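Protein chains in written order, with the numbering used here: chain V, 108 to 219; chain C, 155 to 267.
Keep in mind that the hints were calculated from the coordinates and are not lab data. If you're wondering where the values come from, they're calculated on a predicted model, not measured in any experiment. Mixed in with the good hints there might be a few duds.
Simulated crosslink set (DSSO-like; lysine-lysine; CA at most 30 Å straight-line) [said to hold, decoys possible]:
hint	chain 1	residue 1	chain 2	residue 2
1	V	Lys110	C	Lys203
2	C	Lys203	V	Lys164
3	V	Lys178	C	Lys203
4	C	Lys203	V	Lys162
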Amino acid sequence: DVKVTQSSRYLVKRTGEKVFLECVQDMDHENMFWYRQDPGLGLRLIYFSYDVKMKEKGDIPEGYSVSREKKERFSLILESASTNQTSMYLCASTSGGEYGYTFGSGTRLTVV
Amino acid sequence: AQSVTQLDSQVPVFEEAPVELRCNYSSSVSVYLFWYVQYPNQGLQLLLKYLSGSTLVKGINGFEAEFNKSQTSFHLRKPSVHISDTAEYFCAVSINYGQNFVFGPGTRLSVLP
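Excised from the complex, chain C in its bound form:
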């Protein structure tokens, strides 16, 4: 079965510091890759996605992610976080370009003043 791993369940970071949230997936077939953000008591919102082409993808709110095929990774980064970035972040994979996704367990980012 396909799986998505987010190694860090919680990441605390000070405001204006850089952050990286890690995502690895297990798939030898072609995939689409996504990062979603969930603010408290809300649904998930799409941050960014990788379909093809350039391996560096830019998303909303200053986030970016890099696709690394050899390492089957899709890590999310932001050079300077804000208090408002405090949320849970989910990595997701669409296997074989299909409409069924596999979600990672999530990483809770806490930005401290």
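Only chain V is shown next, with the shape it has when bound in the complex:
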């Protein structure tokens, strides 16, 4: 089975800190995605990547950046964390639309 691993399940950070959320997949998928999930708002796409060193903005990229130096790893970076970035962050990967997405377990980030 494809596995998508997010390094932390729960994270608490202070306002202004630089935060790294890591995501690793083990099935050689080209496509990787970062979403945030908030009550009543569903899943919102932050950034995605179709290949190494490639990135595309999603619907809500402000305040975030990403890095994809290796095919299996897609990192989400909060340059200066703010309280409105408190959320559940979900990473996903796929090799193509017909396979659907495989999601990680999520990282619940709290910024205080």
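Using the hints, position chain C against chain V.
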């Protein structure tokens, strides 16, 4: 822009009763359709998918869904729910068979004893 509508944000149902969770999408082009389930504090898991062929699709945990092209719907059903089915359910669409999906807002299913 493409959109996915899940008309019911919350669905309470008694254990062993049938349930239908509704999903409609707005697209005139070809799509793949998916249902995902999310248990508390977990990621999303694939329940089932429609790619082509038979419009009735069976998935895990006794769920099934029916694709209706004319009504652009993909409703999820289970004939008898269990307490363990309590979760949030998301409908998703892959537009033009692409790798970018559009997700619905989710339906919270609560199964009551």
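Quick rundown of the hints versus the structure:
no.: 1; hint: V:Lys110 <-> C:Lys203; verdict: holds, 19 Å
no.: 2; hint: C:Lys203 <-> V:Lys164; verdict: holds, 27 Å
no.: 3; hint: V:Lys178 <-> C:Lys203; verdict: holds, 26 Å
no.: 4; hint: C:Lys203 <-> V:Lys162; verdict: holds, 27 Å
Violated hints for the displayed structure: none, as all numbered hints are satisfied.
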